[in-house]
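Undergrad: Order-wise, the sequence lines are chains A and B.
Read in order, the letters of the first sequence correspond to residues 1 to 566 in my numbering.
Read in order, the letters of the second sequence correspond to residues 1 to 688 in my numbering.
It is possible that some hints are incorrect.
To be verified - Just some of the chain B residues that point at chain A, by a computed CB distance under 8 Å: (1) 241; (2) 242; (3) 248; (4) 468; (5) 572; (6) 573; (7) 580; (8) 597; (9) 647; (10) 663.
To be verified - If we take Cβ atoms under 7 Å as the criterion, some of the chain B residues that face chain A in the derived model are: (11) 249; (12) 252; (13) 308.
Said to hold, decoys possible - Across the chosen pairs, the derived CB separations fall in these ranges: (14) A/7 x B/649: 45 to 53 Å; (15) A/515 x B/632: 38 to 46 Å; (16) B/649 x A/540: 26 to 34 Å; (17) B/420 x A/280: 55 to 63 Å; (18) A/451 x B/256: 17 to 25 Å; (19) A/529 x B/10: 37 to 45 Å; (20) A/515 x B/132: 36 to 44 Å.
Just so you know, these hints were derived from the structure itself, not from any lab.
Every residue, glycine too, gets a C-beta built ideally from N, C-alpha and C.
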Amino acid sequence: MNDNSWIQLALYLIVLFALAWPLGRWLQGVFDGSLAARWRWMAASERALLRLAGCASDEDMPWWRYAGAIVAFNLIGALAVYALQRLQFVLPLNPADMGAVSPDSAFDTAVSFVTNTDWQGYSGESTMSHLTQMAALAVQNFLSAATGIAVAIALIRGLARHSAQGVGNAWLDLLRAALWILLPLSLVFAIFLVSEGVPQDFAAPVIAHTLQGAHAQTIPLGPVASQEAIKLLGTNGGGFFNANSAHPFENPNGLSNFIEMLAIFLIPAALVFAFGRMVGDMRQGIAVLTAMTVLFVGLYAVGVLAQSQPNPLIAKLGVSGANMEGIETRFGTVASMLFAAVTTSASCGAVNAMHDSLMPLAGFVPLFLMQLGEVVFGGVGSGLYGMLLFAVLAVFVAGLMIGRTPEYLGKKIGAFEMKMVAIATLAVPVLVLLGTAIAVIAKPGLAGLSNPGAHGFSEALYAFSSAANNNGSAFAGLSANTPFWNVLLAFAMWYGRFLVIVPVLALAGALARKPRLAESAGTLPTHGPLFVILLIGSVLLFGALNYVPALALGPVAEHFVLFGAH
Amino acid sequence: MDNTLTRALPLTNPALLKSALRDSLRRLLPQAQLRNPVMFTVWIGSALTTLLGIAALRGHSMSAALFTLAVALWLWATVWFANLAEALAEGRGKAQAAALRAARQRIYAKLLQEPHHGASWLPVPSDELRAGTCVLVEAGDTIPADGEVIEGAASVDESAVTGESAPVIRESGGDRSAVTGGTTVLSDWIVVRITAKPGEAFLDRMIAMVEGARRARTPNEIALTILLVALTLVFLIVCVTLLPFSLYSASAADGSAVSVSVLVALLVCLIPTTIGALLSAIGIAGMSRMLRANVIATSGRAVEAAGDVDVLLLDKTGTITLGNRQASAFHPAPGVDERALAEAAQLASLADETPEGRSIVVLAKERYGLRGRDLHDMQFVAFSARTRMSGVDIGERRIRKGAADAIAAFVESAGGALPNAVRAQVEQIARAGGTPLVVAEDARVLGAIELKDIVKGGIAERFAQLRRMGIRTVMITGDNRLTAAAIAAEAGVDDFLAEAKPEDKLALIRRHQAEGHLVAMTGDGANDAPALAQADVAVAMNTGASAAKEAGNMVDLDSNPTKLLEVVEVGKQMLMTRGALTTFSIANDVAKYFAIIPAAFAATYPQLKALNVMRLHSPQSAILSAVIFNALIIVLLIPLALKGVRYRAQPAAQLLRRNLLIYGLGGLIAPFIGIKLIDLLLTALHLA
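This is chain A alone, in the form it adopts within the complex (with noise of 0.2 Å):
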């Protein structure tokens, strides 16, 4: 870790908390209505909308009809995508004749960009019109990240409120994240994306003859810039180009780079301090906060140390310095890393390194920080949702040692809650390891791998660990545009996103009804960096332990081998 390492770092974080703690404060003011209730356009805009809807905007939904809600919503999404890709031959905005998307492709892209995964079995250049990464693409971005928002703010109602039957509209909250806090963003972000150079056209490819001479290169062009944005703000990583924000055309400079990673993080740890406002104790923002950085630095560090050695088997021949395979030259290792281990922190997925080139233990990091439940800051809701599924698990366990029954911010923790953490916490690593065995056993799941041994299980483990936390990031040797890859990481993307998302609206509504108890020298403090400790621990322990035999085959044993053998 050398100076560079850590200036980048610090600089990193300090600007995200300087532009956090301001839009938590408007997300709050959006959330509670309080901003509506100032300004009577914004409540005008929201009700006239939602009556173009047809639903009404007062009506507080219990926990079940707002689960019903979200799950109808995103299946109708899917429906659309889906229909959009296989149809985009017969629709207009198709410069370069893209034919229909193959059904099985359609449908793993449909599952993804609705999850918020953005995993990409296809490459986008070279497979989907203008109108379907528009229409149904950047669309979903849009509604899936909107989705995450309103599953986390619905959480935070849920410890907010007492005795009370509803956990808000979800039509409502939808329309609020879209309209007031993801389109304003992403409008900002994607003029000053097209000011870095970032084309945002309706063009058809550019035909250029290079000095070679020899063939002609194709050069795609489009709405980038538009798709850019929500990308990185709605944690979806989704690219328009198959390098992603590798790309030039995605993330032109140093500056878009940094710009970039602080667009990731910048809504989820709103969020936080969003959480703190909502709750009345910015203390308990701040805590969570804290967990979530710590866990951040250490992987980071941890990455960055291993990707700076240099390889063992390049050094043989004579090329010194860090390995420098499948890196972006204008990044270097420091961004690279920074980016893998934000990408992969929160749920997004964008890479503008190749991760299946990174040194095993560089590339173990994005792979553990998926694996711990994409909590590190996480998706646009998702992260903070379920980091406080680790907090309910912490003070379950150690509440119990204070001598009282356990609670968190005043709500008894029972048996229903349990089962709804217990149900959200495990069904992502069952879908991961089921997913990753059936992959190694199966001749088709087999035939994807590129590389023989360790590594080829790290691909596999990747791929299962990425669909099924919805970060959507790939270990990129795997070939995993077949249908058999396609079906079966469609289903660990789905399952993964509303096995978490409906325990945790059941988690919201039974807290809601619960009174609120009120706090004393013997409630077990949920604030300050014992909790934060306690936290960290959580979730290492409850996320991480699962995984601990299925690394030591990946990442772990590569490592050894690698180092080993010279």
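Given the structure of chain A, go ahead and fit chain B onto it with the hints provided.
TA: Structure of chain B alone, referenced to chain A:
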């Protein structure tokens, strides 16, 4: 009191050990394990490994077969140790209950045909009595079931239940009408209406709660079990999927795959067996500690709630102050010597056996060295409800003490008057929270005696301790606000409710609950019943009305209101023990991974031995050491589970820091040391 009845047996008691050993072996049957999903998983793993070991005996490698059988043996030991923990807890609880159950031999009751004394009766076995029927209990009879006296009065020996040898009076009407099944009438007769179905009497409920198989799980225990089952399930998936992972890796790396018996060993080490094995024992031990404090909880839920309580409503009399007021000063009338007043007061109280009367005699002795004197010629006048005075006649002298208005009437009838100075003094005493008594000799008023409530020694420190733990104390009293405030300040309670009527108590509880507090209280009168029913933890006095006992969720056999503090401690201790062992159990997994993972994959990736940070001797000794540690830790923790984690009156943050350090950090480190030691031992003995 002497708790000979409910004393806990030491764990080394041979009879207890013998029956626990027998019991624990019997519970190795699979159906006995179904209640505990964690241990049931271990049972299946043990059976599977045993079969694999037997099958391997026919194979080519004898050492592999013996290793598998050794693992199987220790897996069975794990199940057995878990059984032993529960059997020991149960054995102790049962021994405590047995003493009480002895009082409940089959007895015949005199079932009255009509519910009044003198009606004809039939002998009926006590367990066939129904609630609502009436029985006659005469001198020498045992009261057949819990009930209420509806006619007559009798002295009752309740030592079978309370251990207190002095007989108590039970009579119809009022707060002394409740009788307990199993106690004996010593004199006179009573007609008892049975209130409880014999099977539901307190004793039966208590006995049921220390028996593992019949015990209902408490809400927090259910929630914890859900977590443990979830962890078991996910580790099951981890171990099941590890087989294909390993097969793939082995084929890719030209090594050999992990064996099923190693996977079972890994599974058993990972699932939370320590807490899974001890959870039931902890619950039983909690009930049994409550019993040792002579409190019978009607449900485990109540014991748990006791740990959560953060407001205690305490009756002033008996809990905060000694039951009775005591003389603290003499205030002579103008022109009267204080010594003369003291002497007259002492004379008037010589025959007064009430604690107040005795305290006057003592005060006079302490202040003026006045002693008992020649009693001849003295004619004592007892207190009567009509005159509201007591005193003594010595020859012509008529000395009286009593309430101010009664004495005023007395002196006026003799031609005297109550001096204004005395009247003012009386008012001042009352305002300061004391009780004034006036002493007069014939027509002359000598002065006033001040009686004061005496706050129990050490109670203020106890309340300060509770405050540090975040528990508020509220004093309930029928006194006026001034009196109440004076005593509240002296005792150091956080708040008080003066001039309390039963409905005020109920309203106070509701208000606290609405603010998000959990409230505990004690009560004995029938009019306490609504408040008791509303409170989260309600301890009814055993001597109290049966309505109070029905409404409460605990009964204190000693009828000691201070017991509430102990009840809270027992509840907290049970929860702390549960949390500490869960944390310990989960933290253990880290070390077990470091022992087993390098060993399990030694044949696939030999390079992974870099993870063998404990430098364990061989893959086999590493796995066996982890399994042995996992089994032995259960036995080592049985005493802690039964005794409970030591409770300290500290704020939650301090308690958490301390317990997290001991059981969290300790749980991380201890298995590294334990597994290494076992490995060294196995290597030294050439066992692995």
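Undergrad: Between the beta carbons of residue 515 of chain A and residue 632 of chain B, is the distance compatible with 38 to 46 Å?
TA: Given a distance of about 44 Å, which is inside 38 to 46 Å, the answer is holds.
Undergrad: Does the interface hint hold: is residue 580 of chain B within less than 8 Å of chain A, judged Cβ to Cβ?
TA: holds (5 Å)
Undergrad: Against chain A, is residue 248 of chain B within 8 Å by beta-carbon distance?
TA: Status holds, d = 4 Å.
Undergrad: Should the interface hint for residue 597 of chain B be scored as holding, given a Cβ-Cβ cut-off of 8 Å against chain A?
TA: Residue 597 of chain B check passes; min Cβ-Cβ to chain A is 5 Å, inside 8 Å.
Undergrad: So, residue 663 of chain B near chain A? Judge it on the closest CB pair being under 8 Å.
TA: holds (7 Å)
Undergrad: Do the beta carbons of residue 515 of chain A and residue 132 of chain B sit within 36 to 44 Å of each other?
TA: Since residue 515 of chain A and residue 132 of chain B have Cβ atoms about 37 Å apart, the given range 36 to 44 Å holds.
Undergrad: Is the hinted range of 17 to 25 Å satisfied by the C-beta distance from residue 451 of chain A to residue 256 of chain B?
TA: holds (21 Å)
Undergrad: Does the nearest C-beta of chain A fall within a distance shorter than 8 Å of the C-beta of residue 572 of chain B?
TA: holds (3 Å)
Undergrad: Taking 55 to 63 Å as the hint, is the beta-carbon distance of residue 420 of chain B and residue 280 of chain A inside that range?
TA: With a Cβ separation near 60 Å, residue 420 of chain B and residue 280 of chain A satisfy 55 to 63 Å, so the hint holds.
Undergrad: Using the beta carbons of residue 529 of chain A and residue 10 of chain B, state whether their distance is inside 37 to 45 Å or not.
TA: Given range 37 to 45 Å: holds, Cβ gap about 42 Å.
Undergrad: Hint validation: residue 573 of chain B versus chain A, beta carbon distance must be below 8 Å. Holds or violated?
TA: Hint holds; residue 573 of chain B Cβ to chain A Cβ min 7 Å, cut 8 Å.
Undergrad: Minimum Cβ distance from residue 647 of chain B to chain A below 8 Å?
TA: holds (7 Å)
In the structure shown, no violation is registered for any of the earlier numbered hints.
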